[in-house]
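Protein chains in written order, with this note's numbering: chain C, 80 to 352; chain L, 80 to 352; chain R, 80 to 352; chain P, 80 to 352; chain X, 80 to 352; chain F, 80 to 352.
Worth flagging that the hints you see were computed from the coordinates, not collected in a lab.
Accuracy of the hints is not assured; some may be wrong.
Cross-link-like lysine-lysine pairs, in silico, PhoX-like; alpha carbons within 20 Å at most [said to hold, decoys possible]: (1) R:Lys-274 with P:Lys-220; (2) C:Lys-274 with L:Lys-271; (3) C:Lys-220 with C:Lys-230; (4) X:Lys-274 with F:Lys-101; (5) C:Lys-331 with L:Lys-271; (6) P:Lys-274 with R:Lys-226; (7) L:Lys-271 with L:Lys-230; (8) F:Lys-181 with F:Lys-230; (9) L:Lys-274 with C:Lys-220; (10) R:Lys-220 with P:Lys-308; (11) L:Lys-271 with L:Lys-234.
Protein chains: 6
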Amino acid sequence: MGMFLLTEMTWPEVKQALNTVKLAIIPVGAHEQHGPHMKESCDAVLATEMSKRLAERLHPFALVTPTVNFGVSHHHANFPGTISLQPETLICVLRDMVVSLKHHGISRFLFLNAHGGNQSTLSIACHSLTRELNVEIYYAKTTASAKNALKRHVKSPLYGHSCEREVSEALYLAPHLVHMDRLEKGDIREGKWRKLRPGNPVQGTYSYEDMTANGCIGDAPKASAEAGKAIVEEALDQLTTSLSELLNLTGKKVPCSNCKKSGGCKELSTCLS
Amino acid sequence: MGMFLLTEMTWPEVKQALNTVKLAIIPVGAHEQHGPHMKESCDAVLATEMSKRLAERLHPFALVTPTVNFGVSHHHANFPGTISLQPETLICVLRDMVVSLKHHGISRFLFLNAHGGNQSTLSIACHSLTRELNVEIYYAKTTASAKNALKRHVKSPLYGHSCEREVSEALYLAPHLVHMDRLEKGDIREGKWRKLRPGNPVQGTYSYEDMTANGCIGDAPKASAEAGKAIVEEALDQLTTSLSELLNLTGKKVPCSNCKKSGGCKELSTCLS
Amino acid sequence: MGMFLLTEMTWPEVKQALNTVKLAIIPVGAHEQHGPHMKESCDAVLATEMSKRLAERLHPFALVTPTVNFGVSHHHANFPGTISLQPETLICVLRDMVVSLKHHGISRFLFLNAHGGNQSTLSIACHSLTRELNVEIYYAKTTASAKNALKRHVKSPLYGHSCEREVSEALYLAPHLVHMDRLEKGDIREGKWRKLRPGNPVQGTYSYEDMTANGCIGDAPKASAEAGKAIVEEALDQLTTSLSELLNLTGKKVPCSNCKKSGGCKELSTCLS
Amino acid sequence: MGMFLLTEMTWPEVKQALNTVKLAIIPVGAHEQHGPHMKESCDAVLATEMSKRLAERLHPFALVTPTVNFGVSHHHANFPGTISLQPETLICVLRDMVVSLKHHGISRFLFLNAHGGNQSTLSIACHSLTRELNVEIYYAKTTASAKNALKRHVKSPLYGHSCEREVSEALYLAPHLVHMDRLEKGDIREGKWRKLRPGNPVQGTYSYEDMTANGCIGDAPKASAEAGKAIVEEALDQLTTSLSELLNLTGKKVPCSNCKKSGGCKELSTCLS
Amino acid sequence: MGMFLLTEMTWPEVKQALNTVKLAIIPVGAHEQHGPHMKESCDAVLATEMSKRLAERLHPFALVTPTVNFGVSHHHANFPGTISLQPETLICVLRDMVVSLKHHGISRFLFLNAHGGNQSTLSIACHSLTRELNVEIYYAKTTASAKNALKRHVKSPLYGHSCEREVSEALYLAPHLVHMDRLEKGDIREGKWRKLRPGNPVQGTYSYEDMTANGCIGDAPKASAEAGKAIVEEALDQLTTSLSELLNLTGKKVPCSNCKKSGGCKELSTCLS
Amino acid sequence: MGMFLLTEMTWPEVKQALNTVKLAIIPVGAHEQHGPHMKESCDAVLATEMSKRLAERLHPFALVTPTVNFGVSHHHANFPGTISLQPETLICVLRDMVVSLKHHGISRFLFLNAHGGNQSTLSIACHSLTRELNVEIYYAKTTASAKNALKRHVKSPLYGHSCEREVSEALYLAPHLVHMDRLEKGDIREGKWRKLRPGNPVQGTYSYEDMTANGCIGDAPKASAEAGKAIVEEALDQLTTSLSELLNLTGKKVPCSNCKKSGGCKELSTCLS
């Protein structure tokens, strides 16, 4: 299947693509420690890979922009290598991207985010830029909508960072991110953080090293490419359905890159040939 | 029971209070439409009332600052009277407050928030200001932790604004906010907003008038002061417990304003006399 | 008489009010020490009370917004409890308020200010926002225009903060702000501040504790509700006349809430029935 | 007599001067229309000339920096040639100047301002930068302290811009600014501005062309160099006295550039030889 | 040879690397049109590839951070697909990166830039951040120092964007960026831009489409991997020498990843085994 | 010949001038040390003098605004007297000037700059403000285009600050800037700066005192008014030609202030009488 990936296109190709494109997918990642077994680019790579697969599903109505490869990661700052943007900086980068793409005629955007620490900032960016620039912006955590697969494959009570979920996703989407020979469970420390996690009466900030000595939580050794596949594909199904409805694409015939029938032989994401 | 309410104090009284105070509670509200049956100051008033009751529970370790009586309410802008701060402005106000109070020796803060639309901004303010000012900041939605009471008393599938929950809270905390003779259910309209609510694969911005013609959701006529009491008191219990632990107040003997025993005759929130 | 007080209204009531409203009165206060005999919310409360009375006079052409309950008070920072906004923050708050209210169709604004330390910032806000937002903005110190009453009732050479003027105003407008049993004259200290007061060849900044040990100036024990009434009512007369002219309301017949005659039986502020 | 004028000095000369300098005088002007008879650089030139004369009086304790030759002049924008800074920009320029000079060891500053429209901004700059940079800042309107001479020589009820006061000052300090053959009285128009001038119950913004058709107020043809001398010299006396006290210079012996006695033969500003 | 590439490392690996690392190389690219024959990610990819090769030369004293994959490209905005940052945004991103890396103990930085349009912004970022953060920052255009090779291999009088130089570099460093079957010379249009190019009496802004109809300048069909190699390797020699001197690395023995001798068997970049 | 110099004009004169003016020349200088033999205002004065002469050449199509008399000079901060703007501040000042002048109907601007340290900032200001304000902005280093004269009269390998070039320019344009009896060659120190000068593989920041003990470079004693004249006049020729073409003035007949023929007797800059 085809896909519009802006990094790989020339301007005449982009010009052609803009005839059908209705949505720009902006992958939003981070550069931060992911324990002893994952590379620090994990979130940037996973956001990119998810964006590509989603663009494939929505082809030829979506294009993928270059990745925002830094995020808001100050809670990981005490682990070597972490680089973090101020929330204001991330919003400025997204504003500049949306302004540039609006100039090319795109008016709908999805911030597809692989890093939990970005969610509040993306929420504000979504609300502010929608109003300020008169565009329509959505945002999503990459695989949060895979509710069934997550229930089935993720068993740790505390998970969400370099855990069996994230490592599984990586094993399916970008296995080079994972050192299989170094997989470790989270080395959890006790502390105030327990009282500040989501679901508690109050929330607050804590440093990741207060929670985990090795930088992971959850149970990475339980990860598998199979679980990753289940999570990723369920999320892609969910995202595709939701965006098809939001963009009024449901049932639309599109040119099919498999069978090459002109005029469109298939409905979106469902090759008929 | 006593309570430290900054608006009602002189500076010598504040000076005295600072001998025991460990936490400043900053009530954060909004000024926005609340349908035909609630006054627009609803969130500012409820945040204030909850803060006062929480300060009573934590006395003499907490004080209540003046209320931030505006919030981030752009989604209500098309209903007459709504006034909204930019997220950046709200953060500036909170920064200035925290800086001022830190100068008086306070190093722990709770943003006690009555308006859902403020949560992302408070999350960023909490994380940024904690780091920037070297203080400890918590934030909480006023009654979100009353999980049992909410389950028992709130039956609408879509609730959270001028609904049976909020009206019940007001009937218990500040009944003048409610026009009992005008109570209406949410006059729900269909639209894109359904696909963008929390829990969906993607989130996004919508205007409140796209969701409800009268500005409410839920089922306000089901509200009661009794339900409000259950919700509020459960939330206060939860918040008190959580903050007592975070501030290391558990089991601490405090001077008792009932029995006046010097040296302290009671544990926090539990008068023994 | 009636009054449009935004905090007490529902959106349908605001919608109705906007049919006649020509002016939004924005009360601007402060949260700062006021010596041993006044509560720290003094300026916020007085700004609110003056705004309500002025709105009554201008009814149904004016509405009162929620109060800006913090101001620029860094010179009071060394007295416990004072909370201060940066001038930039105060301007941001006012900008957001004016933008919000302009969206509802209001184009004229009065910043009614009870705190001297805000005046320069309000001057800049007035000039900048008028130009930037294409609205008409006025600002006023609450009772500065009561020139006769001030001459008659204020005798201290140095006055203006928790003095006989301010305490008198409070005794008339909001007596709960005053501890009558603790009234003190300003406990004046000598220092550079004398050379920097208004009227000197140069101006400059000084901390309030360099001028007064107890945080007051003037002679609070001389205050009376009677003096407060004279000051407040003269100022309200002055403000009403000035605004009626600026808004072209002079001689306008308005619906009368006393006699209920339809079509209007009276001129502004002067019930004929 | 000597004078330290930074524009005319080399760095070794500045280095030498810093041995005695305690105050940097920053002339603050404007570039704006001054009616048919004065050049638009009027305020910048007058601020510079006053600063030089004041530095002479305070020699060797003061130096004059380059002039801030733009100010806040948006109310003159509709007369050709006017150039205006935003208040924020003016504050940034002053901050950068103070930071630079503090690096050279100067900790006290006078903003000597010739343009009324700058006063609010200078007030804020003074208060904010004093706190932010831990320096001591004063500000003054150039000749406002010449109360006696102003009473004697200025008779127009409405004056303050290209009027008999300002033209007189220019005739004494910088006569090339004035076209004697074009002197005109203010060509006053009626309008809202009368209700917004200082001393009225409310203040507000108006454009200068609403007040005067030719851009002047007052009665320029009454101006004289003699009046200018009286105003300027009285103001310089006032400023010198005030600053000598603030800087603890009163009675200090200083090296005398007339008689060259080493060790100092005179008191400040009073050559004994 | 080894190389420290932050995207490919885990935190324990980074921790280990920080024992020797003295320089962080920050690749700075752009996302902009590059004519019909190059992909829009060209500058981001070339900056990354050059950084990797330079880090190899400087191993184990340098590490490569994730790439800044957007730049200042407004002059290309009218060609489809171009995304541009405001200069202020780019500076914010770089500030956040430098702050983060300084926290890990790195104090020297190289902005290695592949896009001419970024140079002024990088100059300001270098000067401002050096001062503000007390670090040492250098910046360089990737291959500008290859003076001999450029003279030999680049013959177009007007070159610098998707020309024989840039295509040659890509053919050597990242050939997938180039569509060999679509190589075109710049389709130059006449216009004001000629008078605004570097070397003219005045400089100024022009849009790229005013200069070239196909988005290229120079003579891409003359490009070759061989020319690219000559340019790139000469530039790497120059950069390595310059940085070795600036970092005092010249002649330093380093651990050799070829022969594994402990204690170091070679001088920088020159394996002896 | 005539010249439009805004500082010397009244508003009716400016109004008249705007009938022909097509370009505002904004002189941009600095206030910084210039060694033992030049006054610190050097760059501000030279920028002003060059602007006046250029305006004469372009009369009646150009006017000169007041001078920006501070620049970006942090590298000179350790020599007494230097005052520096942040780059952001300089851009704000230029934005405010351009906005003001655009209001008067001017749409083309030249930043005529005498200080190398401003160039990057002016480049960004030019690109950003052109786009943001929809005007046309050029910028130029005052005498950089005098390539022949520079080659003839400047022999030092390292020059550009208080050297034979700059002193020569001053001797021709503003001799009071120079102390002929104190002329010194640059007292060069060795250090890292050599590796960071333009033309090296990497650029970076260094403090001027690291390069020169007396604050000069080059060979000031070789300076002469004659060399200055050659440099200045060649640059004026270059700038006049370039701007005449950019503004489409070439061959235009203009009113001649020498011979007073109505209707124009001469071509631009070339009096025929």
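Cross-check of the supplied hints:
| no. | hint | in the structure |
| --- | --- | --- |
| 1 | R:Lys-274 with P:Lys-220 | 15 Å, holds |
| 2 | C:Lys-274 with L:Lys-271 | 36 Å, violated |
| 3 | C:Lys-220 with C:Lys-230 | 16 Å, holds |
| 4 | X:Lys-274 with F:Lys-101 | 18 Å, holds |
| 5 | C:Lys-331 with L:Lys-271 | 19 Å, holds |
| 6 | P:Lys-274 with R:Lys-226 | 16 Å, holds |
| 7 | L:Lys-271 with L:Lys-230 | 27 Å, violated |
| 8 | F:Lys-181 with F:Lys-230 | 39 Å, violated |
| 9 | L:Lys-274 with C:Lys-220 | 15 Å, holds |
| 10 | R:Lys-220 with P:Lys-308 | 36 Å, violated |
| 11 | L:Lys-271 with L:Lys-234 | 23 Å, violated |
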